[in-house]
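Asks: Starting from the known structure of chain A, fit chain B onto it as the hints suggest.
Read off the chains here:
Number of protein chains: 2
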Amino acid sequence: MSTSSGVNHPDLERRLANFVPLSPLSFLFRTAALYPERPSIVHGARRFTWAETAGRSVRLADALRRRGVAPGDTVAVMLPNVPAMVEAHFAVPMCGGVLNTLNIRLDAASIAFMLRHGQARVLLADPEFSGVIAEALRLLGDDAPLVVDVDDATFGAGIPVGALEYETLLLEGDPQEHFDGPADEWDAIALNYTSGTTGDPKGVVTHHRGAYLNAVANIVDWGMPRHAVYLWTLPLFHCNGWCFAWTLAALAGVNVCLRKVDPAQIFDLIQTHRVTHFCGAPIVHGMLINAAHLIPQGLGHSVEALIAGAAPPAAIIEGMEQLGVRITHVYGLTETYGPAAVCAKQDHWQTQPIGERARLNGRQGVPNLMQEAVTVLNPETMQPVPADGETIGEIMFRGNIVMKGYLRNPAATEASFAGGWFHTGDLAVIEPDGYIKIRDRNKDIIISGGENISSVEVEDVLFRHPSVMLAAVVALPDERWGEVPCAFIELRDGATGDAEDILRHCRQYLARFKVPRRVVFGPLPRTATGKIQKFVLRSQLKSTEALK
Amino acid sequence: MSTSSGVNHPDLERRLANFVPLSPLSFLFRTAALYPERPSIVHGARRFTWAETAGRSVRLADALRRRGVAPGDTVAVMLPNVPAMVEAHFAVPMCGGVLNTLNIRLDAASIAFMLRHGQARVLLADPEFSGVIAEALRLLGDDAPLVVDVDDATFGAGIPVGALEYETLLLEGDPQEHFDGPADEWDAIALNYTSGTTGDPKGVVTHHRGAYLNAVANIVDWGMPRHAVYLWTLPLFHCNGWCFAWTLAALAGVNVCLRKVDPAQIFDLIQTHRVTHFCGAPIVHGMLINAAHLIPQGLGHSVEALIAGAAPPAAIIEGMEQLGVRITHVYGLTETYGPAAVCAKQDHWQTQPIGERARLNGRQGVPNLMQEAVTVLNPETMQPVPADGETIGEIMFRGNIVMKGYLRNPAATEASFAGGWFHTGDLAVIEPDGYIKIRDRNKDIIISGGENISSVEVEDVLFRHPSVMLAAVVALPDERWGEVPCAFIELRDGATGDAEDILRHCRQYLARFKVPRRVVFGPLPRTATGKIQKFVLRSQLKSTEALK
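Protein chains in written order, with my numbering: chain A, 1 to 548; chain B, 1 to 548.
Next up, chain A with everything else stripped away, as it sits in the complex (with noise of 0.2 Å):
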């Protein structure tokens, strides 16, 4: 409440014509009115202009509403990025719905336990994802929600799981409806479950308000222009593909659908659409890199493509640049909306070599400019580190870009908030200049001979060896230094492995101790946003060494 004093009158309170929720659905009413005939979505053979989507919007939130879908009720989609998903953003919420966006490359008893979790009372399902459904559905018994089959070109004929196919569903609703935004900007708007690799996952409630924020944030730290027109290469089902339909809705932009990653395709839609956008993890900015054969003549025109998941090495910031890509390294979680943190350029790192360029762009950086803050600080005393870029911390942020909690995990939601700030578990040091960089997860700290190793530091300069596409670093058990590092390497195409000509390398960078004790070639186990899977790797090791 106001302070009652001087100025802060109590009879100058909230009211109807001064005080309205923050909600994104607030963009889609505008952009469908301001520019009713500009093109909102292209898929395939497929375009949709803003008018179209907010009607086809309303119609599914009325449909869902008429088929029951209540105020805090969860709908759940297993899609890829296609239009029903960007539809499903804004009709879910629309009638008050809390958007469950599946993992689209999870098993089975995942799938289950989070429609039950979440006791989702509807599920937009692609035909792609059939098998896995049908089965969640026959682990749900009676639980099983309504199941609506979501027909696409890009992937041909399914196998129907659901009781009636998706445009069906939307002839239901009527698009004149009117829907108010949410009674109060703190209601959900998303529920995301996090892939957590040990114990049942945690559903993420994010609300309208910081999705809101979060959505115009993108425009301001990224300098998007009106009429953007941004890639899908970042999956949707991922944080909601970090609140960027709800970005698009409100600059009037173009949401380029794309079902799976193939740099071919990539390529060829950056070209015909004009793309001026995208979003992905090292991994895509891999793949383009490693296909620039492609497109000998370049992509004709600049693109900014924002990059997270792990920091971007020298090649491929350079090999980006290269083929007319300018990188902005941004850095969050699933209990910030995604990205809430950006490494902000500044004017003079353009002159500075690649090598330090890259190690510039590569920190984590500062709270973007809606996330009040962002910082590193010592989990026992809660104070901030000394900013000297040695002393290790944990990364902490605050702010309106925060979660409101887990789902029914009261426990899990206090750990992570204790002390008035959440925990992200990562953990880093403040460099002089006030960027954040990450050293390591706690669980990713590998301890030789007593004395701490970054895997990520390890990992930092096997990226410089020009043979090397992707490096992970992890614990190998060792009777006498109790752990030492182990590398695991994914090649450049063409690249030959040799581990004795890598060790050298890393020889030349780091303290003998750090060096890896053994060199596995091979490709690496990801996670659907290219996310190395280091738990899988650990397994690995154990197998093996078990074996001995």
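Do not take every clue at face value.
Label-pair distances were calculated between CB atoms; the ranges are [claimed, not checked]: (1) Glu13/A / Met382/B: 17 to 27 Å; (2) Gln346/B / Ala183/A: 55 to 65 Å; (3) His273/A / Glu167/B: 37 to 47 Å.
SDA-like cross-link-like pairs, simulated, lysine to any residue; straight-line CA separation at most 25 Å [what the hints assert, rightly or not]: (4) Lys437/B / Gly522/A; (5) Lys260/B / Ala33/B; (6) Lys345/B / Ala51/A; (7) Lys345/A / Leu510/B; (8) Lys437/A / Gly425/A; (9) Lys345/A / Pro296/A; (10) Lys345/A / Asp433/A; (11) Lys531/A / Asp460/A; (12) Lys437/A / Arg47/B; (13) Lys345/B / Met382/B; (14) Lys345/A / Arg526/B; (15) Lys345/B / Trp222/A; (16) Lys437/B / Phe29/A; (17) Lys345/B / Gln533/A; (18) Lys345/B / Leu34/A; (19) Lys437/A / Asp388/A; (20) Lys345/A / Arg274/B; (21) Lys345/A / His227/B; (22) Lys534/A / Gly522/A.
Note that these hints are calculated values from the structure, not bench results.
Think of the CB as a built atom: it goes at the ideal place given N, C-alpha and C, for glycine as much as any other residue.
Replies: Then chain B, alone, in the frame of chain A:
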């Protein structure tokens, strides 16, 4: 409060880690940390960085607090666009105070009224206004606030009227002091008195939330880049400079100060500092066009300008384009933090002839990105008028960029918010594309023989005459018709007044009953922001008629 159903669990309420009251003060602290060495303010020979501006603002906030300014207390300023004015926009809200920017062209009695009604504790005053301030203080007697003189080399030596000088006050504050943001984003940030033509001025109270959102909307709607260079042609005392002081903090941009509007100095500053953006009333733009001979080579780089206060006539759009300035028309009132509607450009306008472009760009437009709605309602029924470009209603706003209300004036507050909308008092139509077009303020409609004549319509025609620089049409009492239109015209440099020629021009475009019955040539009286003061013209007419 959130609903407690479904995912909206009550255990997921607001807490320190995930809820921070929105305030533009956040932008200052972030930019001071992220871009400490970048320029913040340029004024004559003075230069400040963002670290310095933050430090000086904290000093001022702390000094004010030590001098007894408590949360909700008013701090008034009588300042042109000088560095202290920018600093006050951060420091006063920082210590919980409410910033009351006084119109520097007002007389002592008005100033005394505002200081008394607003209960100002402190007044920062520029030496240019020491005469008026001394007289106002005499009127206030024992109710006078603490007065601080803000010396300025660009004015020269002034007569001190205060108890101390600004730099001395700053020394009383500690730049290391810590200030939290407001306890509630609804807390008052500023108090602006409207320059009503009848009755006492009303005190418009705005809040941190609205200032934050409007500062960001300025960036997105105008496509402002990081590090924009903004020239202060718009008085900061006018609706807090439309929130641009806060916008520039968000962008780590540059405030180029300007004591008074002088075309030669404006051209010089634009070229010297490579100004990218400025705002002003049509008269400011008209003066620049008139002075175009000073820069025969043009400005040398492209500049964006906002124009408000009246629709920009074709001659201004064209004249500014020739200078290299691209104009965007915006609309709002003190009650909406300045402009909260924008005549958003559509791509296909570009190819229209200049006359049509002027018509399209001359409309009041659509809500800005972060204002929920602006529309035209029938004030009796509160129903929207049809979008036919003909049916007149009243422009009403709704959303987060609307004032809290009028200070100590519940009757005016209730009236202005009746029916859940803020009533502007401006009459308008909705055109078929959804854009709003002002017809007239209530009092500006001329009723002649029972027919309504829109003074704006007649003025638009007058503006198209090549000799006309400014035009205002008001009602002239007439025995037969009740009222007839009377035109006041300020001519372009070098043009001579030929009433018959003007009337011939009008007859070509207007119905006979709308053609002015009388034409008066001479300079037009203006408000501080360049709006023509029609009430002065009306009283001129009255006294002239009385003498007959």
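Asks: So, for every hint listed, does it hold in this structure?
Replies: For each hint, the structure was consulted:
1. A C-beta distance of roughly 21 Å is found between Glu13/A and Met382/B, which places it inside the suggested range of 17 to 27 Å.
2. A hinted range of 55 to 65 Å is violated for the C-beta pair Gln346/B and Ala183/A, which are about 34 Å apart.
3. At about 57 Å, the CB distance of His273/A to Glu167/B disagrees with the hint of 37 to 47 Å.
4. Of the supplied pair hints, the one linking Lys437/B and Gly522/A is violated, its CA atoms being roughly 66 Å apart against a limit of 25 Å.
5. For the hint pairing Lys260/B with Ala33/B, the CA-to-CA distance comes to about 32 Å; that exceeds 25 Å, so the pair is violated.
6. Pair hint Lys345/B plus Ala51/A holds up; C-alpha atoms about 18 Å apart against a cutoff of 25 Å.
7. Of the supplied pair hints, the one linking Lys345/A and Leu510/B is violated, its CA atoms being roughly 57 Å apart against a limit of 25 Å.
8. For a cut-off of 25 Å, the pair hint linking Lys437/A to Gly425/A stands: about 14 Å separates their Cα positions.
9. Distance hint between Lys345/A and Pro296/A is unfulfilled; the C-alpha atoms sit about 29 Å from each other, more than 25 Å.
10. Between Lys345/A and Asp433/A the alpha-carbon distance is near 12 Å, which keeps this suggested pair within the 25 Å criterion.
11. In summary, the hint linking Lys531/A to Asp460/A is supported, as the alpha carbons are separated by about 15 Å, within the 25 Å threshold.
12. Distance hint between Lys437/A and Arg47/B is unfulfilled; the C-alpha atoms sit about 33 Å from each other, more than 25 Å.
13. Pair hint Lys345/B plus Met382/B does not hold up; C-alpha atoms about 28 Å apart against a cutoff of 25 Å.
14. Among the hinted pairs, Lys345/A with Arg526/B is inconsistent with the structure: their alpha-carbon atoms are about 45 Å apart, more than 25 Å.
15. Of the pairs offered as hints, the one joining Lys345/B and Trp222/A holds, with about 22 Å between alpha carbons and a cut-off of 25 Å not exceeded.
16. In summary, the hint linking Lys437/B to Phe29/A is supported, as the alpha carbons are separated by about 21 Å, within the 25 Å threshold.
17. A hinted pair counts as satisfied when its Cα atoms are at most 25 Å apart, and Lys345/B with Gln533/A does not qualify at roughly 48 Å.
18. Among the hinted pairs, Lys345/B with Leu34/A is consistent with the structure: their alpha-carbon atoms are about 10 Å apart, no more than 25 Å.
19. Of the supplied pair hints, the one linking Lys437/A and Asp388/A holds, its CA atoms being roughly 11 Å apart against a limit of 25 Å.
20. Between the alpha carbons of Lys345/A and Arg274/B the distance comes to roughly 21 Å, so the proposed pair stays at or under 25 Å and holds.
21. Among the hinted pairs, Lys345/A with His227/B is consistent with the structure: their alpha-carbon atoms are about 12 Å apart, no more than 25 Å.
22. A C-alpha spacing of about 14 Å is found between Lys534/A and Gly522/A, which places the hinted pair at or below 25 Å, so the restraint holds.
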